[in-house]
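> Those protein sequence lines, which keep their order, are chains A and B.
Mapping of the first sequence onto the numbering used here: residues 287 to 400, in sequence order.
Mapping of the second sequence onto the numbering used here: residues -17 to 95, in sequence order.
A portion of the hints provided could be inaccurate.
Here are the computed lysine to any residue pairs in the SDA-like style, where the Cα-Cα straight-line distance is at most 25 Å [unchecked claim]:
1) Lys39(B) to Phe316(A)
2) Lys328(A) to Glu57(B)
3) Lys387(A) to Gln36(B)
4) Lys328(A) to Asn59(B)
5) Lys345(A) to Gln36(B)
6) Lys39(B) to Ala384(A)
7) Lys387(A) to Pro400(A)
8) Lys387(A) to Tyr85(B)
9) Lys328(A) to Thr2(B)
10) Lys387(A) to Gly66(B)
11) Lys328(A) to Ser9(B)
Bear in mind the hints are in silico, worked out from the structure with no lab data behind them.
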Amino acid sequence: ILNVEQSPQSLHVQEGDSTNFTCSFPSSNFYALHWYRWETAKSPEALFVMTLNGDEKKKGRISATLNTKEGYSYLYIKGSQPEDSATYLCALSNYGGATNKLIFGTGTLLAVQP
Amino acid sequence: KAGVTQTPRYLIKTRGQQVTLSCSPISGHRSVSWYQQTPGQGLQFLFEYFSETQRNKGNFPGRFSGRQFSNSRSEMNVSTLELGDSALYLCASSPGSGAETQYFGPGTRLLVL
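Model the full structure from these sequences, guided by the hints.
Laid out in structure tokens, this is it:
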């Protein structure tokens, strides 16, 4: 059974703080790593899809890095804002592109206090 | 482009009943995947359909089934409902195959009494 683990489980920060979370996954048969943001009462929103070791992606104040050899990815948020409050999910795709099945971690719940 | 839609949004059923949930993908998307989320669990993969064929299946009992129509709309069915089937059911669509971004619907929240 493949396990995707995320830490921490939850995080409370002040507005303006920068923060980061970790996603760990088995590096064998790796194909892609996805990050999603899921706000309460909304649909999960795709942030990044990363496939190459050393990949770095950026979207506004949010960025992510990928290390496929050691099996981890970091998500960084610079200058957190209250609207960044959400659950951040990572998901592994390891079926070589033959299917869209994703194996999700349990998420990191971020709360940003104004 | 309209996003992924799911109907109904909320549903209450009793044990032993069956239920059908519907998912309409983004226009042009051929892959639809279904996920279940229960309290304390991450999103668990149920199955994926691509061009009307089931392409992959998660580790769920045979009471969970699905299908996809020629217009890519998908339904999932749960027969003989159990209390533990109470969950949020999400579907996601993507254009084709391989590590593509998947676009999620708002989900159907099912409560089994």
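> Flag every earlier hint the structure violates by its number, smallest first.
Hints 5 and 7 are the ones this structure does not satisfy, whereas the remaining hints hold.
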